[in-house]
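Visitor: What follows is the residue order along each chain.
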Amino acid sequence: AQSVTQLGSHVSVSEGALVLLRCNYSSSVPPYLFWYVQYPNQGLQLLLKYTSAATLVKGINGFEAEFKKSETSFHLTKPSAHMSDAAEYFCAVSAQGSGGYNKLIFGAGTRLAVHP
Amino acid sequence: SQTIHQWPATLVQPVGSPLSLECTVEGTSNPNLYWYRQAAGRGLQLLFYSVGIGQISSEVPQNLSASRPQDRQFILSSKKLLLSDSGFYLCAWSVHGTGRSFATNEKLFFGSGTQLSVL
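Heads up: the sequence lines are chains E and X, in that order. Counted the way my numbering counts, the first sequence spans residues 88 to 203. Counted the way my numbering counts, the second sequence spans residues 151 to 269.
Keep in mind the hints are simulated off the structure, nothing from the lab. The reader is advised that the hints may include incorrect statements.
What the hints assert, rightly or not - A short, non-exhaustive set of chain X residues, derived as facing chain E with CB atoms under 10 Å:
1. Gln-156
2. Trp-157
3. Lys-257
4. Ser-262
What the hints assert, rightly or not - Pairs of lysine-lysine, DSSO-like flavour, derived with a Cα cap of 27 Å:
5. Lys-155/E with Lys-145/E
6. Lys-257/X with Lys-156/E
7. Lys-257/X with Lys-145/E
8. Lys-257/X with Lys-155/E
9. Lys-145/E with Lys-156/E
In this text, a Cβ means the ideal position worked out from N, Cα and C, and glycines have one as well.
With the rest of the complex left out, here is chain E (with noise of 0.2 Å):
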């Protein structure tokens, strides 16, 4: 079954700072594999996603992940912090469902904080 642990469910950088988010996944299938933000009382945005194709994934506001296979990893990054980036992430990854379809399967998520 697939499954997702996102390693420290609060992380707190300083402004400009280097953001590391840490997702581990378990599959039995090739993973396609997922980020997504939640800012405070808001649903979730997609951030980037990795569908097999290129190992680093480019998201939106400046965030990348890099899958690797050899670490079963796909750990978030971001050069900068900025203020902004204060929010919840949520790795996830794409398993079956009960009725033969395809669900997501989201890790416990991890608070960002950025502080000045």
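Given the coordinates of chain E, work out where chain X should sit on it, guided by the hints.
Guide: Leaving out everything else, chain X in the frame of chain E:
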């Protein structure tokens, strides 16, 4: 363009009362529809998904049920709420598809959520 509406935004209900949360999608046809619950510190849990009218798949046994009476309408219900039903409920839709090709299009569009407090 497609939009998704979810209401109410907040709801406070007593234990044992019924629940009905509604979600509608505009600007697309035959979408896949989803209900997720986000409990504090526990991330997102898929509750139900639907690939068509009257077709509901339940992911976890619980006190809730879902229905899809129309193509773009998805309803989450309960006959008697429990304290443990408190949480942030999110409706989402995606383009309809199956198999691996579906996964490549598996971009979920989320509603703004309903904060449910059961007291």
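Visitor: Work down the list of hints and note, for each, if the structure agrees.
Guide: Each hint, compared with the structure:
1. Gln-156: Nearest chain E Cβ about 8 Å off; hint holds.
2. Trp-157: Hint violated; Trp-157/X Cβ to chain E Cβ min 13 Å, cut 10 Å.
3. Lys-257: Holds - the Cβ of Lys-257/X comes within 10 Å of chain E, reaching about 5 Å at its closest.
4. Ser-262: holds, 5 Å
5. Lys-155/E with Lys-145/E: Satisfied, since the Cα-Cα distance of roughly 15 Å is no more than 27 Å.
6. Lys-257/X with Lys-156/E: OK: Lys-257/X and Lys-156/E at ~22 Å, within 27 Å.
7. Lys-257/X with Lys-145/E: holds, 15 Å
8. Lys-257/X with Lys-155/E: holds, 21 Å
9. Lys-145/E with Lys-156/E: The hint holds at about 18 Å.
Hint violations for this structure: number 2 only, all remaining hints satisfied.
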